[in-house]
Amino acid sequence: MSIVKRRFFAGFMGQQTKWLNSMAEKGYRLVKTGKLEYVFDECEPGKYVYTVEYVGDRSLEEEEKYKAFLEDIGYQVFYKNMNLAYSTNKLTFRPWADKGGKFSTLKTTFNKELLIVEKENDGKPFQLHTEKQDQIDYYNRMNQPWYFAMFMALLLAVIYWPNLLPTAICGSLAVIFMLPVIIMTFKIRKLKKEKELEE
Amino acid sequence: MKDNVKSGALTEVTFFILLSLYEPKHGYAIMQFIDEKTGGRLILGAGSLYGAINTLTEKGWIEPYGDSDGRKKEYVITGKGRQIAEKELQRLRDLTETAASIMRK
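Residue numbers (the numbering used here), protein chains in the order written: chain W, 1 to 199; chain L, 1 to 105.
What the hints contain is simulated information worked out from the structure, not anything from laboratory work.
Since we're looking at a predicted model, the values are computed, not measured.
The C-beta atom is built at its ideal place from N, Cα and C for all residues, glycine as well.
You may find that some hints are simply not true.
Dumping the calculated SDA-like pairs for lysine to any residue here, alpha-carbon to alpha-carbon at most 20 angstroms [said to hold, decoys possible]:
#  : chain 1 : residue 1 : chain 2 : residue 2
1  : L       : 37        : L       : 89
2  : W       : 65        : L       : 25
3  : W       : 65        : L       : 66
4  : W       : 124       : L       : 72
5  : W       : 119       : L       : 72
6  : W       : 65        : W       : 111
7  : W       : 65        : L       : 65
8  : W       : 195       : L       : 72
9  : W       : 99        : W       : 126
10 : W       : 107       : W       : 78
11 : W       : 65        : L       : 57
12 : W       : 67        : L       : 73
13 : W       : 65        : L       : 37
14 : W       : 119       : L       : 50
15 : W       : 195       : L       : 9
16 : W       : 119       : L       : 28
17 : W       : 65        : L       : 39
18 : W       : 119       : W       : 33
19 : W       : 119       : W       : 177
Pulled from the structure, derived: some chain L residues nowhere near chain W, Cβ distances all over 12 angstroms [as the list claims (entries may be wrong)]:
#  : residue
20 : 29
21 : 40
22 : 43
23 : 48
24 : 49
25 : 71
26 : 81
27 : 86
28 : 89
29 : 90
30 : 92
31 : 98
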């Protein structure tokens with residue numbers, strides 16, 4: 001029997017992973033994703049494990065190549081949106097993306113910012129990025145949209161100057177956008193230190 | 001994946017991927033090979049493997065094997081890749097020799 005759940009995790013990938021894994025433990029396996037909907041079928045509890053990966057910096061071609069690679073490995077892969085947009089003719093500028101992914105539309109990479117990856121539970125932790133350098137690159141890629149958002153907010157704050165209210169709002173936004181960058185930068189620094197010793 | 005240019009040392013994962021491809025393999029088989037040969041000590045995630053395969057293909061150390069229409073894509077080591085692996089074996093031999101000569105004194 002299928003059940004439908006509605007959730008929206010935006011960029012909180014860790015939360016999304018946890019939730020999918022808790023559903024799997026209860027005996028629900030993901031079969032379909034929509035913008036807010038997750039469709040599950042009943043399965044043996046704990047048979048599958050999930051992880052969520054950010055791929056919003058890739059072009060459609062790159063995303064599909066990567067997805068096909070993961071499917072070849074034997075994983076089940078779903079696209080998932082990180083944002084909510086209900087327009088039909090959306091075009092987004094992503095200066096941080098790969099060549100071919102800089103302008104994202106509904107036909108290409110829009111609403112495909114994340115991959116949900118499922119594998120059969122073999123008792124080992126499910127990690128796609130195990131190499132330190134690869135993890136560093138991954139965090140750097142996740143940082144890029146935040147840097148861009150921060151830069152835009154700062155730019156607006158300067159443009160609105162000396163209009164106190166909009167300047168204050170844009171300035172605070174810039175500070176908020178800076179938080180994930182700080183967290184990830186700490187992670188990157190830690191990885192770099194470990195890497196110096198191990199490789 | 002970055003290999004130390006100065007010393008010429010390969011990362012353990014790079015070396016294992018090269019070793020695994022002395023016989024053509026697809027992605028999952030590479031992961032299994034590493035898991036088996038290291039008794040589960042070294043775990044390579046699929047995302048890291050994807051990056052590594054692309055880097056090694058760009059460097060010309062490995063290449064796609066056969067035409068894999070509809071089948072799982074396979075890879076194999078190239079002549080250049082074999083040379084690199086040989087060099088790494090020699091480097092590791094020298095290293096163990098040095099280590100043994102110091103530690104057994």
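Against the structure, the hints come out as follows:
About 16 angstroms separates the Cα atoms of residue 37 of chain L and residue 89 of chain L, which keeps this hinted pair within 20 angstroms; it holds. At roughly 18 angstroms between alpha-carbon atoms, residue 65 of chain W and residue 25 of chain L fall within 20 angstroms of each other, so this suggested pair holds. A threshold of 20 angstroms between alpha carbons decides the hint, and for residue 65 of chain W with residue 66 of chain L the separation of about 18 angstroms falls inside it, so the pair holds. Our distance criterion of 20 angstroms between C-alpha atoms is broken by residue 124 of chain W and residue 72 of chain L, whose separation comes to about 24 angstroms.
With a C-alpha separation of about 17 angstroms, the suggested pairing of residue 119 of chain W with residue 72 of chain L holds against the 20 angstroms cut-off. A C-alpha spacing of about 17 angstroms is found between residue 65 of chain W and residue 111 of chain W, which places the hinted pair at or below 20 angstroms, so the restraint holds. A distance of roughly 17 angstroms separates the Cα atoms of residue 65 of chain W and residue 65 of chain L; the hinted pair therefore holds under the 20 angstroms criterion. Restraint check for residue 195 of chain W and residue 72 of chain L: not satisfied, since their Cα atoms lie roughly 33 angstroms apart, outside the 20 angstroms limit.
At roughly 30 angstroms between alpha-carbon atoms, residue 99 of chain W and residue 126 of chain W are farther apart than 20 angstroms, so this suggested pair is violated. For the suggested pair residue 107 of chain W and residue 78 of chain W, the alpha carbons sit about 16 angstroms apart, so the restraint of at most 20 angstroms is met. At roughly 15 angstroms between alpha-carbon atoms, residue 65 of chain W and residue 57 of chain L fall within 20 angstroms of each other, so this suggested pair holds. Of the supplied pair hints, the one linking residue 67 of chain W and residue 73 of chain L holds, its CA atoms being roughly 13 angstroms apart against a limit of 20 angstroms.
For the hint pairing residue 65 of chain W with residue 37 of chain L, the CA-to-CA distance comes to about 28 angstroms; that exceeds 20 angstroms, so the pair is violated. Restraint check for residue 119 of chain W and residue 50 of chain L: satisfied, since their Cα atoms lie roughly 16 angstroms apart, inside the 20 angstroms limit. With a CA separation close to 14 angstroms, the supplied pair residue 195 of chain W and residue 9 of chain L stays within the 20 angstroms bound. For the given pair, residue 119 of chain W sits about 12 angstroms from residue 28 of chain L by alpha-carbon distance, which is consistent with the 20 angstroms threshold.
A hinted pair counts as satisfied when its Cα atoms are at most 20 angstroms apart, and residue 65 of chain W with residue 39 of chain L does not qualify at roughly 30 angstroms. For the given pair, residue 119 of chain W sits about 16 angstroms from residue 33 of chain W by alpha-carbon distance, which is consistent with the 20 angstroms threshold. The suggested pairing of residue 119 of chain W with residue 177 of chain W is violated, with an alpha-carbon distance near 33 angstroms, which exceeds 20 angstroms. A Cβ of chain W approaches the Cβ of residue 29 of chain L within 12 angstroms, the least distance being about 10 angstroms, so the stated non-interface status is violated.
The claim that residue 40 of chain L lies off the interface is violated: its Cβ sits roughly 8 angstroms from the closest Cβ of chain W, which falls inside the 12 angstroms cut-off. Once the 12 angstroms rule is applied to beta carbons, residue 43 of chain L is inconsistent with being away from chain W; the minimum gap is 6 angstroms. A beta-carbon of chain W is positioned within 12 angstroms of the beta-carbon of residue 48 of chain L; the least distance is around 4 angstroms. At the 12 angstroms boundary, the C-beta of residue 49 of chain L falls inside the reach of chain W, the nearest C-beta of that chain being 8 angstroms off.
Its beta-carbon lying about 9 angstroms from the closest one in chain W, residue 71 of chain L breaks the requirement of being farther than 12 angstroms from that chain. At the 12 angstroms boundary, the C-beta of residue 81 of chain L stays outside the reach of chain W, the nearest C-beta of that chain being 19 angstroms off. Distance check on residue 86 of chain L: its Cβ is at least 21 angstroms (rounded) from any Cβ of chain W, clearing the 12 angstroms threshold; non-interface status holds. Residue 89 of chain L, annotated as away from the interface, keeps every beta carbon of chain W farther than 12 angstroms; the closest lies near 18 angstroms.
Every CB of chain W is more than 12 angstroms from the CB of residue 90 of chain L (nearest about 19 angstroms), matching its label as outside the interface. For residue 92 of chain L, the requirement that its beta carbon stay farther than 12 angstroms from each beta carbon of chain W is met, with the minimum near 14 angstroms. With a least beta-carbon separation of about 19 angstroms from chain W, residue 98 of chain L lies farther than 12 angstroms from that chain, consistent with its non-interface assignment.
Taken one by one, the earlier hints fail for this structure at numbers 4, 8, 9, 13, 17, 19, 20, 21, 22, 23, 24, 25, listed in ascending order.
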